[in-house]
Amino acid sequence: MDDDGISFDKPKSVGGIMRLVKKRLPIVGWAPEYDRTAAIADLVAGITLGLTLVPQSIAYASLANLPVQYGLYSAYIGTMLYVVLGTVKEVSIGPTSLMALLTLQLCRGLPLEFVVLLTFLAGCVVLCMGLLRLESLVDNIHLISEKWAHVRIPDVVLGVVCCTVLLMLRKLKDVRVSPKRQTLQKTLWLLSIGRNAL
Numbered sequence: 004m005d006d007d008g009i010s011f012d013k014p015k016s017v018g019g020i021m022r023l024v025k026k027r028l029p030i031v032g033w034a035p036e037y038d039r040t041a042a043i044a045d046l047v048a049g050i051t052l053g054l055t056l057v058p059q060s061i062a063y064a065s066l067a068n069l070p071v072q073y074g075l076y077s078a079y080i081g082t083m084l085y086v087v088l089g090t091v092k093e094v095s096i097g098p099t100s101l102m103a104l105l106t107l108q109l110c111r112g113l114p115l116e117f118v119v120l121l122t123f124l125a126g127c128v129v130l131c132m133g134l135l136r137l138e139s140l141v142d143n144i145h146l147i148s149e150k151w152a153h154v155r156i157p158d159v160v161l162g163v164v165c166c167t168v169l170l171m172l173r174k175l176k177d178v179r180v181s182p183k184r185q186t187l188q189k190t191l192w193l194l195s196i197g198r199n200a201l
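Residue numbers for the sequence shown follow the numbering used here, beginning at 4 and rising by one.
Everything labelled a hint here was simulated from the structure, so no lab data went into it.
For every residue, glycine included, the Cβ atom is placed at its ideal position computed from N, Cα and C.
Check the hints yourself; a few may be wrong.
Straight-line distance between alpha carbons at most 30 Å, and here's what the computed DSS-like set of lysine-lysine pairs gives [said to hold, decoys possible]: (1) K189 - K176; (2) K189 - K174; (3) K26 - K92; (4) K92 - K25.
Computed Cβ-Cβ distance ranges for the label pairs, DEER-style [claimed, not checked]: (5) L75 - E138: 26 to 32 Å; (6) K150 - Y79: 20 to 26 Å; (7) V17 - L75: 40 to 46 Å; (8) V128 - L170: 33 to 39 Å; (9) L170 - L54: 45 to 51 Å; (10) L104 - Y37: 33 to 39 Å.
All chains should be built: construct the whole structure from the sequences, respecting the hints.
In structure tokens, the structure reads:
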């Protein structure tokens, strides 16, 4: 016990560590209570989901213009990771048509390594959001629709003007000036690229 009256007994710290482990790895909490009835129900659900997921993931890989094995990888690797890290048992993890279309748009004409890099970076973003406990961002999205009645016209106008200016800055790099004015060309290019910082 220290001067503030706080106890640092070992069992409490071990209990705190176990609570943290159970919170971060939910499988540690439910696996000891897992029984035969739950296993049979999960087996039936897994077979049903697998029979649905295989053709669906192949179709999504084709939609993204990728070899079919990439669709199967995205279907099963995410599911296996969610068994260990997932907190909600009713969630179905796997590829979606929107992800396939976005992947097609971003990686069209690029080697397959770019698709792997895109997937890795998206996973890193999600991991950072989880580690930084940014789930409150997702929890508060519904507040946008609830506060819609309180939006003022000047705020909307300002938002539209800012978006328009950013889009116009994007086109500045395409403006061609005479070869004698290279300083102006570089300035326009820097302004166009600098919009990313805004």
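Hint check:
Of the pairs offered as hints, the one joining K189 and K176 holds, with about 9 Å between alpha carbons and a cut-off of 30 Å not exceeded. Between K189 and K174 the CA atoms are separated by roughly 14 Å; this keeps the pair inside 30 Å, and the hint holds. A C-alpha spacing of about 15 Å is found between K26 and K92, which places the hinted pair at or below 30 Å, so the restraint holds. Taking the CA atoms of K92 and K25, the gap is near 15 Å; set against the 30 Å cutoff, the hint holds.
Take L75 and E138: their Cβ atoms lie about 29 Å apart, and the range 26 to 32 Å holds. Taking the beta carbon of each, K150 and Y79 are about 41 Å apart, not inside 20 to 26 Å as hinted. Separated by about 41 Å at the C-beta atoms, V17 and L75 satisfy the suggested range of 40 to 46 Å. Between V128 and L170, the C-beta spacing of about 24 Å breaks the proposed range 33 to 39 Å.
For the pair L170 and L54, the beta carbons lie near 46 Å from each other, so the given range of 45 to 51 Å is met. In this structure the hint that L104 and Y37 lie 33 to 39 Å apart at CB holds, the actual value being about 38 Å.
In this structure, the hints that do not hold are numbers 6, 8, in rising order.
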